[in-house]
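Undergrad: Chains as they are written, first to last, in the numbering used here: chain A, 6 to 373; chain B, 6 to 373.
I should point out that these hints are in silico values taken from the structure, not numbers from a laboratory. Some hints could be false.
A pair counts as met if it fits within one copy or between any two copies, since identical chains are not told apart.
[What the hints assert, rightly or not] Listed next, the in silico SDA-like pairs over lysine to any residue satisfying Cα-Cα at most 25 Å (straight line):
id: 1; residue 1: K52; residue 2: D286
id: 2; residue 1: K52; residue 2: Q276
id: 3; residue 1: K221; residue 2: T33
id: 4; residue 1: K72; residue 2: K179
id: 5; residue 1: K247; residue 2: F327
id: 6; residue 1: K329; residue 2: T306
id: 7; residue 1: K179; residue 2: E251
id: 8; residue 1: K221; residue 2: E251
id: 9; residue 1: K278; residue 2: N248
id: 10; residue 1: K354; residue 2: L301
id: 11; residue 1: K179; residue 2: N73
id: 12; residue 1: K213; residue 2: P338
Computed from a prediction, not measured in an experiment: that's the story for all the values here.
Protein chains: 2
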Amino acid sequence: MISLTGFGTLSGFCIFAQKLIVSEINFTPINELGEFGLIDRLTEQIKISNSSTLKAGGDDCAVIDYKNKQTLVSTDMLVSNVHFDLLYTPLQHLGYKSIVAGISDIYGMNGMAGQVLVSVAISNHFSIEMLDLLFSGMLAACEYYSVDFVGGDTTTIGSGLVINVTAMGHASKKDIVYRNGAKKNDVLCVTGDLGAAYTGLLILEREKHVYLEDKKMQPKLEGYDYVLQRHLRPEARMDIVKNFRELHIKPTAMIDISDGLSSEILHISKQSKLGCKLFEDKIPIDPSTYHTARELNLDPTTCSLSGGEDYELLFTLPVEEFEKIKDHPDFTPIGHMTDEDFGCKLISKSGGEHELKAQGWKVFGGEE
Amino acid sequence: MISLTGFGTLSGFCIFAQKLIVSEINFTPINELGEFGLIDRLTEQIKISNSSTLKAGGDDCAVIDYKNKQTLVSTDMLVSNVHFDLLYTPLQHLGYKSIVAGISDIYGMNGMAGQVLVSVAISNHFSIEMLDLLFSGMLAACEYYSVDFVGGDTTTIGSGLVINVTAMGHASKKDIVYRNGAKKNDVLCVTGDLGAAYTGLLILEREKHVYLEDKKMQPKLEGYDYVLQRHLRPEARMDIVKNFRELHIKPTAMIDISDGLSSEILHISKQSKLGCKLFEDKIPIDPSTYHTARELNLDPTTCSLSGGEDYELLFTLPVEEFEKIKDHPDFTPIGHMTDEDFGCKLISKSGGEHELKAQGWKVFGGEE
Chain A
6 MISLTGFGTL
16 SGFCIFAQKL
26 IVSEINFTPI
36 NELGEFGLID
46 RLTEQIKISN
56 SSTLKAGGDD
66 CAVIDYKNKQ
76 TLVSTDMLVS
86 NVHFDLLYTP
96 LQHLGYKSIV
106 AGISDIYGMN
116 GMAGQVLVSV
126 AISNHFSIEM
136 LDLLFSGMLA
146 ACEYYSVDFV
156 GGDTTTIGSG
166 LVINVTAMGH
176 ASKKDIVYRN
186 GAKKNDVLCV
196 TGDLGAAYTG
206 LLILEREKHV
216 YLEDKKMQPK
226 LEGYDYVLQR
236 HLRPEARMDI
246 VKNFRELHIK
256 PTAMIDISDG
266 LSSEILHISK
276 QSKLGCKLFE
286 DKIPIDPSTY
296 HTARELNLDP
306 TTCSLSGGED
316 YELLFTLPVE
326 EFEKIKDHPD
336 FTPIGHMTDE
346 DFGCKLISKS
356 GGEHELKAQG
366 WKVFGGEE
Chain B
6 MISLTGFGTL
16 SGFCIFAQKL
26 IVSEINFTPI
36 NELGEFGLID
46 RLTEQIKISN
56 SSTLKAGGDD
66 CAVIDYKNKQ
76 TLVSTDMLVS
86 NVHFDLLYTP
96 LQHLGYKSIV
106 AGISDIYGMN
116 GMAGQVLVSV
126 AISNHFSIEM
136 LDLLFSGMLA
146 ACEYYSVDFV
156 GGDTTTIGSG
166 LVINVTAMGH
176 ASKKDIVYRN
186 GAKKNDVLCV
196 TGDLGAAYTG
206 LLILEREKHV
216 YLEDKKMQPK
226 LEGYDYVLQR
236 HLRPEARMDI
246 VKNFRELHIK
256 PTAMIDISDG
266 LSSEILHISK
276 QSKLGCKLFE
286 DKIPIDPSTY
296 HTARELNLDP
306 TTCSLSGGED
316 YELLFTLPVE
326 EFEKIKDHPD
336 FTPIGHMTDE
346 DFGCKLISKS
356 GGEHELKAQG
366 WKVFGGEE
């Protein structure tokens with residue numbers, strides 16, 4: 006039995022057999038409602054909490070007014086068997102995570118998220134009860150982050166599940182932080198810790214293979230609570246953006262860590278036309294991530310460099326600004342920006358220099 | 006050989022064998038580029054034409070500033086074998102249409118479209134050349150409508166093609182037209198003509214079945230140019246919104262016609278808490294739509310009431326305002342709004358009263 010904050014506890018069995026359980030409770034085919042009935046059912050549950058949301062649902066468009074703020078907008082598509090596996094991903098958690106992944110991009114620009122629009126394509130293996138679970142997770146995230154669910158689209162698909170989240174937010178012109186503003190000698194900082202989501206994913210994949218070989222075997226998930234939580238139900242760092250405002254700090258460059266630390270450092274370096282020096286021994290890795298990686302015969306540093314889906318923030322700050330936050334437990338300095346000629350290097354624990362490489366998500370099997 | 010404006014001519018063979026032809030010219034697997042390479046290739050072609058677009062691509066979010074205007078936003082998901090059939094839909098046309106379908110919602114609120122964000126999920130049956138065709142169609146629409154392509158996401162999927170378009174636009178508060186503002190006795194008007202896209206679809210479906218039974222048979226598409234064009238490469242009514250501004254006209258209620266006339270009339274009536282009287286003999290139907298419907302043993306009126314994908318605008322105007330546009334060839338009065346108690350009725354050519362029913366897209370097989 007592992008505890009996953011917010012949606013009660015889930016035994017290993019529950020996770021791996023959710024479809025069975027949900028369908029045993031009740032399986033109402035989607036077509037009993039029809040498209041408009043489905044939309045009505047989902048929109049009934051939506052509450053609006055932002056004054057910038059003038060119209061949500063029920064018309065051709067949502068209407069939003071950020072007054073004198075600039076608008077931030079980003080879109081992300083999640084596909085079953087590419088971004089998530091329905092065998093072990095609870096639908097409520099998936100809904101929550103899809104919103105988090107969307108709004109994380111807004112925080113990565115130092116903005117506040119305000120609205121989301123969500124498109125969902127589902128196959129006829131999906132019941133109304135399953136869709137309700139998915140949406141309840143989305144709405145739980147919207148509530149936690151004070152984000153309004155203002156529009157969407159629901160459609161059918163031959164197989165699987167596709168979710169597209171468009172996240173909108175706002176910031177004053179002076180507060181927006183781009184990737185290209187880092188300066189030489191700026192401190193490179195990261196929030197929280199890295200690599201946990203990826204090791205959590207690997208545990209679920211390991212147990213899935215055990216389960217598929219022998220369905221009487223129940224997945225062993227005990228003791229992996231932290232890494233599983235980080236994979237299945239991550240949080241976005243709205244709190245950090247609020248902290249920056251309170252501390253009167255504005256990073257020179259920032260990005261959210263969705264593809265892994267290496268990839269994000271390279272984005273900031275390339276766009277700021279700089280190099281950087283990253284120190285392996287400074288990378289924040291939680292003890293449970295470390296032990297899980299070791300158990301899987303993986304290098305914990307590699308998991309944090311290339312794992313992805315951490316939804317932490319990577320940013321740069323001038324040294325004198327960094328002084329303001331150096332004792333803050335959420336921030337870890339991991340290196341500094343250099344001349345472009347230096348390139349982007351990882352300084353290993355033994356002092357060796359290694360060129361940083363971006364992994365990306367390799368969803369196309371590419372070598373990026 | 007049929008002519009489809011904007012992308013040269015396409016023979017029936019070309020349409021039904023596009024995959025073959027494209028792959029014979031060149032088939033470069035997507036994974037040769039990797040995710041970031043793919044994004045670079047696509048974004049290189051993008052040109053920005055709106056001053057409201059402050060940042061497009063290359064960061065966590067796009068940044069947009071509509072100044073004192075309100076923001077309109079809408080999202081639509083298109084799925085292969087649900088919304089389109091790759092057997093007979095040229096990719097360039099599909100790209101164009103996906104943008105048109107997205108921005109049509111902005112015009113339906115009396116706003117001007119400014120930006121789109123596009124997510125695409127493709128299987129590994131897709132080559133870079135095919136993706137280039139799809140994007141070239143999207144960019145052609147962006148150019149025609151002066152809309153900026155500001156962000157997106159590309160991912161893989163087990164099979165098929167999924168496109169999600171989020172359209173953004175703007176309008177002054179005083180100009181935005183909702184569905185709920187119609188008043189009793191307002192004239193119900195429609196732009197252009199209806200039912201063509203649906204009959205075009207039916208012709209393609211008919212020829213597809215002939216082709217699938219005997220692949221030596223070539224589809225007979227000659228003479229159906231207008232209805233095929235309306236299905237494969239529709240246009241959105243930006244011109245009408247501009248007309249309204251020039252004529253100092255503001256409809257009391259408006260909606261774009263994507264699900265068929267009946268469904269849209271019911272939306273306006275329900276939200277305005279009114280009934281309406283629609284006259285069958287007033288519904289504008291192009292002669293080629295009429296003849297195509299008859300050839301298919303269908304009632305042309307039914308095609309226009311329930312066909313969908315016309316992307317025309319349906320709106321209501323007070324009688325005295327209607328006088329300003331009554332001689333305009335793009336506008337046709339088709340009925341008027343009544344008390345709610347009257348319900349929504351179609352008055353047939355023979356004078357009979359029939360209750361209007363919404364068909365929606367029935368993508369879930371429902372009875373809406």
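Undergrad: Checking against the hints above, which ones are violated?
TA: Violated: hints 1, 3, 6, 8, 9 and 12.
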